Amino acid sequence: MIQDILLPALIIGGLGLLFGLGLSYASKKFAVKVDERVDLVRAVLPGANCGACGETGCDAFAQAIVEGNCSALGCPVGGADMVKRISEILGIEVESEEPKTARVMCKGSIDVSKHKFDYSGIRDCTAVSKLYGGPFACAYGCAGMGDCARACPFDAIVIEDGLARIIEYKCTSCGKCLDVCPKNIIRLVPRRSEVTVTCSSLDKGGAVRKNCKVGCIGCRKCSKACPADAISYKGTLAEIDTGKCINCGKCIKVCPTNAINCFSCNSREKV
Amino acid sequence: MREIIVIIMGAILVENFVLSKFLGICPFLGISKKLGNAVGMSGAVVFVMTAASAVTWLINDLLLLKYNLDYLQTVAFILVIASLVQFVEIILKKFVPPLYKALGIYLPLITTNCAVLGAVLLNMEREYTFGRAVLFGFGGGLGFTLALILFAGIREKLENCNVPHAFRGLPISLIAAALVSVAFFGFQGLF
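Top line first, the protein sequences correspond to chains A and B.
Under the working numbering, think of the first position of the first sequence as 1, with each following residue one higher.
Under the working numbering, think of the first position of the second sequence as 1, with each following residue one higher.
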């Protein structure tokens with residue numbers, strides 16, 4: 001009776017012990033030395049595996065940082081805090097970078113921009129742009145079919161009234177939307193600079209005005225109003241030098257077409 | 001000689017573990033997205049299945065049958081397979097790191113791969129001799145390889161197809177797997 005219970009238990013237990021000892025011996029004998037800093041760096045990385053750094057994922061990126069093939073700055077998602085912690089782990093200085101955000105340089109939603117024709121094809125920006133530049137009269141404006149929203153790994157882009165809008169607190173400036181936008185109207189700008197010219201049209205002032213109610217017509221009122229001399233012109237399109245801009249908001253007040261807008265001003269006093 | 005061929009071809013075509021016994025479906029669907037990974041995974045399964053067949057036969061014959069403990073087969077065999085997989089993992093990590101990386105989560109999954117356990121339990125049920133048991137395990141592994149590689153090829157083609165939205169991803173893969181399985185039923189009655 002006792003043998004019926006004891007023997008099986010001994011045999012199974014003995015087998016388990018044997019395999020366990022064998023495995024622990026093998027794991028010592030065939031141990032692989034891994035740089036412990038790789039694990040430390042990996043723990044600090046965001047872990048979204050978005051691939052914005054150019055590596056296949058956060059594991060590969062951690063490996064590349066430790067081996068010195070990549071800078072921690074290659075990860076646009078983690079921000080300055082992550083860079084600081086990685087430089088502590090590696091014991092090297094990595095100059096920190098200003099936090100950035102993506103912005104759509106267009107305000108031409110359905111109700112303010114003119115249409116050339118009705119479009120009922122594939123809901124895809126690239127496809128739309130291939131068809132006579134899209135249904136919008138302005139050739140430079142947002143196609144509004146949401147290629148960028150689909151490409152965003154962080155759900156930071158929404159399409160409202162045929163216009164892409166970036167939810168800046170979610171944006172990690174990974175730059176995926178920049179790559180897919182066929183109109184090239186999304187740009188990475190420093191988060192600090194709140195005032196932005198939300199127009200990309202290089203058309204002459206009259207043409208812009210005909211096509212869109214909120215386009216930049218190149219009237220130069222803003223550059224005259226700017227106390228910091230931060231506004232220059234690319235043809236008839238105003239451009240704000242984010243290095244010089246002091247976010248005073250004077251250009252926003254004088255702009256006759258509301259083509260200059262303030263981002264993240266809503267939380268503060270309206271300029 | 002004829003019997004060797006019958007056992008191996010039978011395990012590959014007639015009794016294919018994935019396509020006619022429906023064992024090991026998880027790695028079959030999980031790792032068949034890329035041909036390279038499929039080959040690596042199949043190699044691991046062939047190795048583990050053959051080795052498990054040999055070790056479990058010895059344990060069954062020397063320990064379990066001797067003391068009339070064949071009711072412990074399942075428990076003992078799971079123990080053997082789990083240890084073997086761990087061992088293969090350690091060896092791969094040391095000597096073939098790229099393969100280890102490519103297999104990732106799927107190598108530990110062989111531990112619970114029912115195809116391996118199915119093979120060794122079938123060995124015992126049919127009371128194969130040692131040689132035949134090892135052959136059957138090897139053949140079963142090859143059958144798994146065939147199914148996985150065939151299916152990886154199909155899935156790589158599926159990637160470029162315009163699949164209706166509702167069927168994208170796993171659903172169309174399952175349908176394709178079912179069709180391949182139906183095709184394999186043509187081998188029934190070959191021997």
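Rather than coming from a laboratory, the hints here were simulated on the basis of the structure.
You may find that some hints are simply not true.
[Claimed, not checked] Distance condition first, Cα-Cα at most 25 Å in a straight line; then the derived DSS-like pairs of lysine-lysine:
#, chain 1, residue 1, chain 2, residue 2
1, A, K29, B, K94
2, A, K204, A, K114
3, A, K213, A, K170
4, A, K250, A, K204
5, B, K21, B, K93
6, B, K94, A, K33
7, A, K234, A, K253
8, B, K34, A, K33
9, A, K28, B, K93
10, A, K204, A, K170
11, A, K170, A, K84
12, A, K29, B, K101
13, B, K93, A, K29
14, A, K250, A, K234
15, A, K213, A, K253
16, A, K170, A, K250
17, A, K130, A, K116
18, A, K29, A, K116
19, B, K21, A, K33
20, B, K21, B, K34
21, A, K28, B, K21
22, A, K210, A, K244
23, A, K28, B, K94
24, B, K21, B, K101
25, A, K84, A, K114
26, A, K116, A, K84
Fair warning: this is a prediction, and the values are worked out from it, not measured in the lab.
Consistency of the hints with the structure:
In summary, the hint linking K29(A) to K94(B) is supported, as the alpha carbons are separated by about 10 Å, within the 25 Å threshold. With a CA separation close to 16 Å, the supplied pair K204(A) and K114(A) stays within the 25 Å bound. As the CA atoms of K213(A) and K170(A) are separated by approximately 29 Å, the hinted pair breaks the 25 Å bound. With a C-alpha separation of about 24 Å, the suggested pair K250(A) and K204(A) falls inside the 25 Å cut-off, and the hint holds.
At roughly 31 Å between alpha-carbon atoms, K21(B) and K93(B) are farther apart than 25 Å, so this suggested pair is violated. Straight-line distance between C-alpha atoms of K94(B) and K33(A) comes to about 9 Å, which keeps the hinted pair within the 25 Å bound. Of the pairs offered as hints, the one joining K234(A) and K253(A) holds, with about 21 Å between alpha carbons and a cut-off of 25 Å not exceeded. For the proposed pair K34(B) and K33(A), the alpha carbon gap of about 29 Å is over 25 Å, so the pair is violated.
With a CA separation close to 13 Å, the supplied pair K28(A) and K93(B) stays within the 25 Å bound. Restraint check: the Cα-Cα separation between K204(A) and K170(A) comes to about 35 Å, which exceeds 25 Å; the hinted pair is violated. This hinted pair checks out: K170(A) and K84(A) have alpha carbons roughly 21 Å apart, not beyond 25 Å. Annotation: proposed proximity of K29(A) to K101(B) holds, straight-line Cα distance about 20 Å (limit 25 Å).
Proposed proximity of K93(B) and K29(A) is supported: the alpha carbons are some 12 Å apart, at most 25 Å. Distance hint between K250(A) and K234(A) is fulfilled; the C-alpha atoms sit about 20 Å from each other, no more than 25 Å. Between K213(A) and K253(A) the alpha-carbon distance is near 16 Å, which keeps this suggested pair within the 25 Å criterion. For the hint pairing K170(A) with K250(A), the CA-to-CA distance comes to about 28 Å; that exceeds 25 Å, so the pair is violated.
Straight-line distance between C-alpha atoms of K130(A) and K116(A) comes to about 14 Å, which keeps the hinted pair within the 25 Å bound. A distance of roughly 73 Å separates the Cα atoms of K29(A) and K116(A); the hinted pair therefore is violated under the 25 Å criterion. Between K21(B) and K33(A) the alpha-carbon distance is near 41 Å, which puts this suggested pair outside the 25 Å criterion. Simply put, K21(B) and K34(B) have alpha-carbon atoms about 23 Å apart, close enough for the 25 Å limit, and the pair holds.
Proposed proximity of K28(A) and K21(B) is contradicted: the alpha carbons are some 39 Å apart, above 25 Å. Note on K210(A) and K244(A): the hinted pairing is violated, with a Cα-Cα distance of about 32 Å set against a maximum of 25 Å. Pair hint K28(A) plus K94(B) holds up; C-alpha atoms about 11 Å apart against a cutoff of 25 Å. The straight-line distance between the Cα atoms of K21(B) and K101(B) is roughly 29 Å, outside the 25 Å bound, and the hint therefore fails.
Proposed proximity of K84(A) and K114(A) is contradicted: the alpha carbons are some 48 Å apart, above 25 Å. Proximity of K116(A) to K84(A) is assessed by CA-CA distance (about 51 Å); at most 25 Å being required, the pair is judged violated.
Consistency with the previously given hints fails for numbers 3, 5, 8, 10, 16, 18, 19, 21, 22, 24, 25 and 26, ordered from lowest to highest.
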